[in-house]
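Chains as they are written, first to last, in the numbering used here: chain A, 1 to 608; chain B, 609 to 1190.
Please note that a few of the clues may not be correct.
Here are the simulated BS3-like pairs of lysine-lysine, each with C-alpha atoms no more than 30 Å apart in a straight line [said to hold, decoys possible]:
no.	chain 1	residue 1	chain 2	residue 2
1	A	574	A	549
2	A	380	B	1112
3	A	240	B	1146
4	B	683	B	901
5	A	54	A	259
6	B	1143	A	175
7	A	201	B	1143
8	B	670	A	346
9	B	1143	B	1183
10	B	699	B	1183
11	B	1112	A	205
12	B	892	A	259
13	B	892	A	54
14	A	429	A	287
15	B	924	B	1112
16	B	1173	B	699
17	B	1112	A	349
18	A	205	B	1143
19	A	485	A	137
Far from chain A, some chain B residues (derived; all Cβ distances over 12 Å) [what the hints assert, rightly or not]:
no.	residue
20	679
21	769
22	837
23	882
24	946
25	971
26	981
27	1007
28	1040
29	1055
30	1096
31	1190
Quick caveat, the hints were computed from the structure, so don't treat them as lab data.
Just so you know, these numbers come straight off a predicted model, no measurement behind them.
We put the beta carbon where it would ideally sit given N, CA and C, even for glycine.
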Amino acid sequence: MMNPARLMKSAVVVFILTQLLSGLPVMAAGPYRTPAEVDAWTRALASKHSQKVKLHAIATSPGGSALRVIEIGNGEPAGPAIFVAANFDGITPLATAGAIALAESILDGDTGTSKARWFILPMGNPDAAQNFHASVKRLSSANGLPVNNDMDEQLDEDGNEDLNGDGFITQMRVKAPDGEWRVSDEDPRLLVKADASKGEKGIYKLYTEGTDNDGDGQYNEDGPGGVNPGINFPHEFSMKDKEAGLWPGSTPETFGVMKFIYDHPEIVMTVTLGESNLLADLPQEGKTDFDPSRIRIPERLARSTGLSPTETYTMEALVSALSARYPDMMVDENMIISQLGLGPEKSFKKGDITLYTEWSKSYKKALETAGISSLMAPEKPRNGSFELWSYFHLGVPSVALSLWEPEAAKDTTAKAPGNGARGADAEKKPSADKQLLDYLDTRQVKGFADWKAFRHPQLGDVEIGGFIPYAANTPSAEKAESILKSQIPWIASMASMVPDITPGELKVTSLGAGVYRIEWFVTNQSRTPWPTEMGVRNQQPAPVMAVLKGSDMTILEGLARTPVTPIGGNQSKKLTWLVKNDRNSPVTIELESPVVRKQSVTIPLSGN
Amino acid sequence: MRKTTYTKSIRILRHLLPALLLSLCLPAVAQTKAESKVTVPLRFDFYYDYPEVNQALEALHKAYPALTSIESIGKSEEGRDIMVLTIHNPKTGDELSKPGVWIDGNIHGNEIQAGEVCLYYANMLLTKYGENDRITKTVDRNVHYIVPVINVDGRARFFSDANTPSTNRTIRVPMDDDRDGLTDEDLYDDLDGDGHITQMRIRDPFGQYKTDPEDDRLMVRVKPGEQGEWTLLGNEGLDNDGDGRVNEDVEGYIDPNRNWGYRWYPRYVERGAGFYPFQGVGLKAIAEWMMKKPNIIMYFSFHNSGGMWLRGPASKDENLPPRDVQLYDYLGQNAEKMTPGYRYMPSWQLYPTYGDAGEFAYNIVGAYSFVGELFMGSQETYRKDITKPVDDRDASSRERMKFNDHLGLGEMYRPWAKYTHPQYGEIEIGGWTKMTSRLPQPFMLTELVHRNASVILLAAENTPDIKLEVFDVKELGRNLHRVRVRLSNQKAMPSMLAQSAASKLHPQDQLKASGVKIIAGGRITNLLHDKVTYKEHKPELQFLTVPGFGKEEFEFLVEGKGTLKLEYVSQKSGKRAAEVKL
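Construct all of the structure, not just a fragment, from the sequences and the given hints.
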């Protein structure tokens, strides 16, 4: 353990270094930092920009690293904010580099905070992120929480070993009569599962590199750690995956993020930097069996509400029937849906997909500028991921970006090697693995370790080889620089996409005898609705309220607190009140919401 | 609105002042009274308020220091301590090597008698230890974790604040129930200052109710064509925020039994869920504490009301392994006989729930989980033959009123009284008081707590009791021995849950053989036919679960001479050892 004085000294050194480097381009410090370096950089950034930057320690990982959120303010006490989270899965160093570049770019530029404030978490899973910097590189999202993966008598007892000493954990293949794998027709380096129905026979068994340390016949089945915070969020959480944890938020990184975000209701958008890309691989609308014009009431509910279980009802009819029966309760569409037990939403809403499609076009232009024509298929957002949770639970636009995937080969119809390929097969798109190999080959990037014979202490003669960890998602330092240069400005420009709800035209009509009609327009100047269609469904984002205040005023029609939201993009909403104001004292209307900078108008009411 | 708040505080002050003065004048008297109530053996003819519950735990600990410890699991949202009493005899083994029995209550703030069941059970175990054989054995063989009050803020405020029998269930995290941007801004108001939130009614010839011709304190629904007399205005209160609705954003509302981590769904799916599992501080502290007690195999959580023994699953789309259902049936069917009128059933048959504590205990803690729904209104009788149920709603109300008159000393009901409401004008306030409807009258409490505590005792007695024995040693020649080992369970409860094994929640029980060379080892599948399934790797380590009232048998082929050591290790059922000289 480092003593405090030494820790202080090293922090000072880092601070001075950062000061020296601050005038240099973004990548000067090297794009890929260790968790300790990220933390030092974070603290240095805060002291350099003490007026604009505030740090929030939101959790400590099981491995002992602090998770700090960088708040970049704009001098305003409130108003909309964007939360950026990077590298929850711990295997995308580029995501962390992106978050760092984003923070620097916002602070160096002058437009990044005019419309929105930022909260940036550069490393969501520091424990796993450390693996990239280890002398032996392995891909693992597990944090430092010990987990008994194989349910035996020991914890974390059978991890991988770098048997051939090449610095990477790759794979081992072993010839076996009951092998399931055969050499791919596409490329002799690749293995595919044998398909018995096509007369194929497997010859290899495939393992990850290492020994059976605990002698149970399984290889590397219980390595160090842990839980992956990247799949520990509540949306579609599944405890069946040991790496997901026992319950959503069971690991401190995830719980800390959820608490922080709910403590900051001004967050109107999230950006996830990681493995998935919701703008390159657009979300699809799902099917639903629920028809709001023909609703059947389950027996149990019918009994308690006096409705008939054999009839069908429209949503409107149900709302009015139940409101009449339960005058004390707030009966609305959402309450009925929740009583019907339809369960959680699982697919993106139509209106929101339109928004994603528009953003996607703009984002792809930015990619083209970087010379990236098309991305190979990014990972799908995982169940329990931060990006899905943001969309489905927070009800805000959730933009996930993978920043980089190896570009697809130009000619995707190239014939597969081997003469036996028939016409139809030759037309087939190459597999993702083949595309990746082609990419690595053409760029002469060392991303695949050729199979080489090795004498394994337990398995005998094996071959070790396969894709090198991080080859598929982590470009070289030089490449990273150009990727970030082209994409970071686009992400920074998202500040101009946040909902922008402002007071509009005001009309006051005197009806005589101190009675006035007030008509007020509230406008969303942004293309982005507030909240999203999902946010309307889950009722999670706090409402924007128009609050009417006057010391001697009586409201004849309308409410002192009137909801303005939901409000569509580029839309105005008209609010009206009828008030009686005998003494002509001023009346004010205020827009009240964490996502709106406080705005009020004073209405001079005078009899005429 | 400001005006309303001002009047409200004046009103509150006016009600508090006499009590305040009284407490200043008579501190000694008040204290003596409180102390006299909390003595060991504990009494169960009144309800303990929150400080008294803690005094009771302390008193039990003071009286039985060798068998008990008390600690604070953590603080609640309002900073109150959540106390646990551990009953454990260190002379009979380590804490974590004994099957753990968890008992809690009062997760909903208003369900106070659940806390009394916990206190009664603790009191019964301790005061009868050494005198009653069943209890002595249970105390020596098990460890009990008893948390009488989960929702400490709720219990404290149920006593101190004006309430209905059904309010103050929530944990104290302010929420915006009516989506107007404000939290908890339209609370109930004790308009008549009697300490109860009762009902409001207004005269209305078009109303749906008229005065009951048989008892003018009650109302009956008008029949079609009949002239109405009253409209019910709901619970006592004001429209504090001027939005045209009364009491629509009351205290809370996160339901503490909808915010645990197993199959948790957000608020739009499951009313009462928080923003995320374990939002707040109290429940999180409790869950983390439970996770440090991997030996917990039996879990009871007491609620009111309805008279039920509920087990999982909590939703229809989940199924339990048959072996777990067997154990539940054994306990549940016995419990039904010990608590007449209670129904034993899967909780989804009542209604489906997500994120509740019982499901967390079953699926994440790995404990058989029962929710006891205490109290049945049907026990408040005033009739000669109680075997025939009263089906008619009005007749049942009249009977309950007679019960109040003759057995409840008239304290259960507030007669309607006129009140000038700032928004409604001339109204009447009256109805059932807070210590009714879901709570037995104190004279019935003793029987309720004893019957339910007896069910806990039955379950505790049936926690696994594993025996390890070598029952057959045979020489096979060439220095080879065949050793057969039996693990048997004297009790109904398996040594771990089938569900935990299926979901790989924690490692299965292990039988380890050491000391001599193990050539092969495996489970005997048919003893009479000598059928054994040998384990390919690590034969010296076998994984198993010992069924309830059943056995598992293993065979080891051992080479050479020496002492064969056998060790059984279980997360839930402790450790056993045996050895045999070869």
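Hint check:
1. Between residue 574 of chain A and residue 549 of chain A, the direct Cα distance comes to roughly 18 Å. Compliance with the 30 Å bound is thereby established for this hinted pair.
2. For the suggested pair residue 380 of chain A and residue 1112 of chain B, the alpha carbons sit about 27 Å apart, so the restraint of at most 30 Å is met.
3. A hinted pair counts as satisfied when its Cα atoms are at most 30 Å apart, and residue 240 of chain A with residue 1146 of chain B qualifies at roughly 26 Å.
4. Taken as a hint, the residue 683 of chain B and residue 901 of chain B pair is honoured in the structure, with Cα atoms around 19 Å apart against an allowance of 30 Å.
5. Simply put, residue 54 of chain A and residue 259 of chain A have alpha-carbon atoms about 18 Å apart, close enough for the 30 Å limit, and the pair holds.
6. A C-alpha spacing of about 24 Å is found between residue 1143 of chain B and residue 175 of chain A, which places the hinted pair at or below 30 Å, so the restraint holds.
7. The suggested pairing of residue 201 of chain A with residue 1143 of chain B holds, with an alpha-carbon distance near 29 Å, which does not exceed 30 Å.
8. Of the supplied pair hints, the one linking residue 670 of chain B and residue 346 of chain A is violated, its CA atoms being roughly 55 Å apart against a limit of 30 Å.
9. Straight-line distance between C-alpha atoms of residue 1143 of chain B and residue 1183 of chain B comes to about 22 Å, which keeps the hinted pair within the 30 Å bound.
10. With a C-alpha separation of about 16 Å, the suggested pair residue 699 of chain B and residue 1183 of chain B falls inside the 30 Å cut-off, and the hint holds.
11. In summary, the hint linking residue 1112 of chain B to residue 205 of chain A is supported, as the alpha carbons are separated by about 26 Å, within the 30 Å threshold.
12. A threshold of 30 Å between alpha carbons decides the hint, and for residue 892 of chain B with residue 259 of chain A the separation of about 13 Å falls inside it, so the pair holds.
13. At most 30 Å may separate the alpha-carbon atoms for a hinted pair to count; residue 892 of chain B and residue 54 of chain A meet this at roughly 28 Å.
14. Only pairs whose Cα atoms come within 30 Å are accepted, and residue 429 of chain A paired with residue 287 of chain A is accepted, the gap being roughly 28 Å.
15. A threshold of 30 Å between alpha carbons decides the hint, and for residue 924 of chain B with residue 1112 of chain B the separation of about 22 Å falls inside it, so the pair holds.
16. For the given pair, residue 1173 of chain B sits about 25 Å from residue 699 of chain B by alpha-carbon distance, which is consistent with the 30 Å threshold.
17. Between residue 1112 of chain B and residue 349 of chain A, the direct Cα distance comes to roughly 36 Å. Violation of the 30 Å bound is thereby established for this hinted pair.
18. Distance hint between residue 205 of chain A and residue 1143 of chain B is fulfilled; the C-alpha atoms sit about 22 Å from each other, no more than 30 Å.
19. Distance hint between residue 485 of chain A and residue 137 of chain A is fulfilled; the C-alpha atoms sit about 27 Å from each other, no more than 30 Å.
20. Look at residue 679 of chain B: its CB is around 23 Å from the nearest CB on chain A, clear of 12 Å, so calling it non-interface holds up.
21. The Cβ of residue 769 of chain B sits about 20 Å from the closest Cβ of chain A, beyond the 12 Å cut-off, so the non-interface label holds.
22. The beta carbon of residue 837 of chain B is kept farther than 12 Å from every beta carbon of chain A, the shortest such distance being approximately 18 Å.
23. At roughly 9 Å, the least C-beta separation between residue 882 of chain B and chain A is not larger than 12 Å, which violates its mark as non-interface.
24. Chain A leaves residue 946 of chain B outside its interface by the beta-carbon criterion, the shortest separation being 29 Å against a cut-off of 12 Å.
25. Look at residue 971 of chain B: its CB is around 8 Å from the nearest CB on chain A, not clear of 12 Å, so calling it non-interface is violated.
26. Chain A leaves residue 981 of chain B outside its interface by the beta-carbon criterion, the shortest separation being 17 Å against a cut-off of 12 Å.
27. For residue 1007 of chain B, the non-interface assignment is confirmed: its Cβ lies about 23 Å from the closest Cβ of chain A, beyond the 12 Å cut-off.
28. Non-interface call for residue 1040 of chain B relative to chain A: holds, since the shortest CB-CB distance, roughly 17 Å, exceeds 12 Å.
29. With 12 Å as the threshold on Cβ separation, the claim that residue 1055 of chain B sits away from chain A holds: the shortest Cβ distance comes to roughly 31 Å.
30. Interface exclusion of residue 1096 of chain B from chain A stands, the closest Cβ pair being 22 Å apart, more than 12 Å.
31. With 12 Å as the threshold on Cβ separation, the claim that residue 1190 of chain B sits away from chain A holds: the shortest Cβ distance comes to roughly 24 Å.
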